[in-house]
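S.K.: Chains as they are written, first to last, in the numbering used here: chain A, 1 to 796; chain B, 797 to 963; chain C, 964 to 1226.
Everything labelled a hint here was simulated from the structure, so no lab data went into it.
Errors might be hidden in some of the hints.
[As the list claims (entries may be wrong)] In the DSBU-like style, the derived pairs of lysine-lysine whose C-alpha atoms are separated by at most 35 Å in a straight line are:
hint	chain 1	residue 1	chain 2	residue 2
1	A	659	C	1219
2	C	980	A	659
3	B	826	C	1178
4	B	913	A	248
5	A	782	C	988
6	B	954	A	279
7	C	1020	A	782
8	B	826	C	1020
9	A	659	C	1178
10	C	1001	A	110
11	A	189	B	913
12	C	1001	A	63
13	C	1178	B	913
14	C	1219	B	913
15	B	826	A	659
16	A	154	A	54
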Amino acid sequence: MNVAAPFEGIGASVRRKEDFRFLQGRGAYTDDFNRQGQLHAWILRSPHAHARIKGVDTAAAAKMPGVVAVYTGADMARDNLGGLPCGWQIHNKDGSPMAEPPHPVLAHEKVRHVGDPVAVAIAATREQARDAAEAIAVDYEVLQAAATMADAQKPGAPAIHDGVAGNLCYDWHIGDKAVVDAAFAGAAKVVSLDLVNNRLIPNAMEPRAALGEFDRTTGEYTLHTTSQNPHVIRLLMGANVLHIPESKLRVVAPDVGGGFGSKIYHYAEEAIVTWSAGKLGRPVKWTADRSESFMSDAHGRDHVSKAELALDANGKILGLRVHTQANMGAYLSTFAPCVPTYLYATLLAGVYTTPVIYCEVKAVFTNTVPVDAYRGAGRPEATFLLERLMDVAAQETGIDRVDLRRRNFIPTDAFPYQTPVALQYDSGNYHATLDQALVASDWAGFEARRAESEKRGKLRGIGISTYLEACGIAPSAVVGSLGARAGLYEVGTIRVHPTGSVTVLTGAHSHGQGHETTFAQLVADKLGVPIAQVDVVHGDTAKVPFGMGTYGSRSLAVGGSAMMKAMDKIIAKGKRIAAHLMEASVDDIEFERGTFRVAGTDKTKALVDISVAAYVPHNYPIEELEPGLDETAFYDPKNFTYPGGCHIAEVEIDPDTGKVSMVNFTAVDDVGRVINPMIVEGQVQGGIAQGIGQALLETCVYDANGQLLSGSMMDYTMPRADDLAPVSVATHTTLCTHNPLGVKGCGEVGAIGSPPAVINAVVDALRDYGVRSLDMPATPSKIWRIINGGRRMAAE
Amino acid sequence: MPQVTLTVNGQAHTAEVEGRTLLVELLREKLRLTGTHVGCDTSQCGACVVHINGESVKSCTTLAVMADGANVTTIEGLAAADGTLHAMQEAFREYHALQCGFCTPGMVMSAIDLVNKHPDGITEQQIREGLEGNLCRCTGYHNIVKAIAAAADVMHGKRTEIARAAE
Amino acid sequence: MYDFAYHKPASVADAVKLLADPDTKAISGGHTLLPALKHRLNRPSALVDLSGIAEMKGIRRQGNAIVVGALTRHVEVATNAEVAAAIPALAYMAGHIGDVQVRNRGTIGGSVSNNDPAADYPAAVLGLGATVHTSKRKIAADDFFLGMFTTALEADEILVAVEFPIVDKAGYAKMKNPASRYVMAGVFVSKAGGAVRVAVNGAGPCVFRQADMEKALAANWSADALAGISQSPDGLNADIHGSAEYRAHLVGVMAKRALAAAG
């Protein structure tokens, strides 16, 4: 019986290849690796937010049981190690470069945030290393801390870094202020809103870990690390910190348990274990406790903004003016400076035809953990600002909030659309995603549901967000002109083996996104190889030529496009081999899903015939064509990609406790072509969970002295299953016009579109209480305060 | 040093441990069963959940010595000898209930105990509340909830195989 | 964790002898102690594992009371048919402590002895007017909980069982801390003849009785009786999740819900 193989190509919800190992405990995460003679490192961290290190006494610690070494910042300085580098340079309004103070691997002379690494103890066991770290005596002179941006900018604020006046990293702007001011002067209505975008702690479930090794025979270093981009870690750590050539440094990011941005950056611990392994000639492993993750993983968001919108009498937007302060934390993390500028201010047009925009951004150092990109990075902040502002504008103009958005949408026939803030959108249909979401959420039936809730004593609200983001990071020339110190192309290798199985090498890295399946589907679709015979290799600098890693929803749009180019090369070469084997002209060879055919004939060769001929060339035109069927291609995107869509949240509030419950969430997203609908839906659902987390649950709190109050999961509210409701996710596709797959990216849309939808719903539920501004997260006590205050006002 | 004798996935083991050695450390470091993970230090995330005598337990909050004489099952011990996945594993795959895979072993072990504790059937709300001790940062839980409901039907004998997920 | 010696006595008498050393600590389920030890907040020289002591196990009905052995796990109380029939609010409370894994390991003895202000059990013990049986005496609930993490237990004394009187009506309701899921404010109410008890946990530094509510409910066992009573925020807990005023407000809300649950 001839059973047709199930379709595994583009558009099929293929079940994931990687799941077999994860479901049976066979994943290989960094902490799962153990080496002969391995030592364990424990990092001693600063308990103070700001202090001068007057002395570090390691003598007692060095004598503790099992201890092999204790190192401090002074030891690193003696070895001339470099500091942790920053990958972007932003320029001030006056053209001068941003302040870029040193970021020592181990704090030297000063500590600048609670958790700043001060010393490392290395011992036979982890507990012995921890015992020793506790025995290190550090003499601190505690200094006044600046825990908030406001404190850091006050006159007389403590100087966190020498030579950084006012703790200001940069004062940057985009747009023509005079033109925008003029638009405001002529406006019929100006709406303004103060907003805080709450600081978040990423909390990927796998704590960061690093295992350094040194081979005395070859002089090679190997680092296993929980990273989203091993090649970039090799580049930054090798060139900037440890001064090890790439040829002697291998970085492996094996299975990684979630990243969400927090594992993009080059962290101190990676350099510490690699350097220590070299000094000691033994493998050194470090694995974070969750408590350490809270004070050492880069945090996200943390903006304070004032936004103003100018409208004409018909509700048409005339201009937008934004002032934002962005917290950098104590040091510049790898991507930090670009997040509140080129990933934020350039997004302020959103899906609207706003003709003029001015945004100024002050980036401020504080005595807190460094802040960098976290799922969405800049775009959630822009979206929250815009979509809250639109709701307030609707309220204050009396125009229906859906109608106000429609009046300002970029028309469907206006693409390519040039915004006033640098970006040119290639495609989209915002009316279509809105219409679909309104139907799916039964927007029209809401008032009946609200009335039903009211009967049960509950306050029900519905909120909308129509959003857009820019991802597929990134067109190298564009980001280079914006301050990136490297291009952001991607590389893909397709290796067809003699018997027809395929290895895909990619510089993108999968830490939950399902690349091993999605990329295999591209090969199945294009080359006709069953996905069972396609293996995707990523995360190892010794195997993959180069790569820029995974972040900014780039893996498919950029990495997948590189693979498509490499497959084009495979097919081109395969046609030449097929022409030789079938004694035909290469121009007459057609290829479709695994079969080469002489056009108009029944003469065919399967891909396996070609690959075996390519590697075992007894009948092969070796003089004209090199053997092998292994092609590498680089893809540098021509533009960002622009996913967008509409999110609608429905909440119910218990007025007695202030608790907000999610009752419904509808997302209709345009992520371009969908390769695996099941995986896309999962990505969007996960992003929405993080967005709901930001809106209702999560926030990072420091006290005035810079102590982290939300320093564990006992106080930082992670979304749990019962905090969330079923999510309805659908797509509406317009294709990306400039990459070969037509894909846009789906990893971040959920976290970008959802927070304002949720907060708009909460504000709507509280419509009788006169709420205008509401900072995230909408916790029970905060909502109770509003309700309680409202009642008091009513009573008075 | 105290000695611990226990059965793990059907195999008897005896190991010398410190008093302070956690069960998860014994499993991961001495027995090299690295499928069980550690995701927090406040007993909240559930990445470390294993079964002791058939019930779900956080192995990061159990001393190895306290498991002396116990019958422990980890994620590595769930599939049948012939490689057939447990219904819960199968359902997680079918419903795309995992992404990075780090919380997955604990999530699966908790889910099995949860279903076992509701022999007469389990509602969506009971599943959501029953997962209070397991955190997932990737999926938003929606597909996990669906997978557990589908596995429950098989574990309760209402179906012979996992219902296919809607396309 | 700092290292420690480990003992597993088989009798209460042996356990008490081992615990006479002030540097030792008792452990049963370990769900309070081990997280503290992992953060190195505590440095006991030895742990005394009580889980092998047969005389501290089991649930039995004794006259007009349910006696729960100290080693009884929360899941056992939650699913015990006798408890469910006699004091359903106790079963409900035990079934809502922490998460499934906490309930599979955590014990009544550990929870009550520890007297965490955000724990559930102290509310049931005080709210039902239970009697705590120790290795040397019986202590009324009203005399047992002395303050935050402090009880009437002496250093060489361990909790052996808790005797819960079977009451006419009882109910429990709580608001959980959104992050830790411990109790932010909870209320356990009971009625036995004319005697009404209202115990509040989570909100203050130690479980306490709400005298105004007790008086009002004794006169009129209905939500109306609670209408005019407000809990004072003075001395209540405050943190990033809620002010003392919020907790005080929640006490009123949870009292109404506990009353409704009691019927």
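S.K.: Taking the hints in turn, state whether each one holds.
M.R.: How the hints compare with the structure:
1. For the given pair, residue 659 of chain A sits about 17 Å from residue 1219 of chain C by alpha-carbon distance, which is consistent with the 35 Å threshold.
2. Using a Cα cut-off of 35 Å, the hinted pair residue 980 of chain C and residue 659 of chain A is violated, with the two alpha carbons roughly 49 Å apart.
3. Among the hinted pairs, residue 826 of chain B with residue 1178 of chain C is inconsistent with the structure: their alpha-carbon atoms are about 60 Å apart, more than 35 Å.
4. For the hint linking residue 913 of chain B to residue 248 of chain A, the alpha-carbon distance of about 54 Å lies beyond 35 Å, and the restraint is violated.
5. Only pairs whose Cα atoms come within 35 Å are accepted, and residue 782 of chain A paired with residue 988 of chain C is rejected, the gap being roughly 40 Å.
6. A distance of roughly 61 Å separates the Cα atoms of residue 954 of chain B and residue 279 of chain A; the hinted pair therefore is violated under the 35 Å criterion.
7. For the hint linking residue 1020 of chain C to residue 782 of chain A, the alpha-carbon distance of about 44 Å lies beyond 35 Å, and the restraint is violated.
8. Restraint check: the Cα-Cα separation between residue 826 of chain B and residue 1020 of chain C comes to about 32 Å, which is no more than 35 Å; the hinted pair holds.
9. Taking the CA atoms of residue 659 of chain A and residue 1178 of chain C, the gap is near 30 Å; set against the 35 Å cutoff, the hint holds.
10. In summary, the hint linking residue 1001 of chain C to residue 110 of chain A is supported, as the alpha carbons are separated by about 29 Å, within the 35 Å threshold.
11. Distance restraint check for residue 189 of chain A and residue 913 of chain B: the Cα-Cα separation of roughly 60 Å exceeds the 35 Å cut-off, and the hinted pair is therefore not satisfied.
12. Restraint check for residue 1001 of chain C and residue 63 of chain A: the C-alpha separation of about 23 Å stays at or below 35 Å, so the hint holds.
13. A distance of roughly 40 Å separates the Cα atoms of residue 1178 of chain C and residue 913 of chain B; the hinted pair therefore is violated under the 35 Å criterion.
14. Restraint check for residue 1219 of chain C and residue 913 of chain B: satisfied, since their Cα atoms lie roughly 30 Å apart, inside the 35 Å limit.
15. The suggested pairing of residue 826 of chain B with residue 659 of chain A is violated, with an alpha-carbon distance near 45 Å, which exceeds 35 Å.
16. Between residue 154 of chain A and residue 54 of chain A the CA atoms are separated by roughly 27 Å; this keeps the pair inside 35 Å, and the hint holds.
In the structure shown, a violation is registered for the earlier hints numbered 2, 3, 4, 5, 6, 7, 11, 13, 15, in ascending order.
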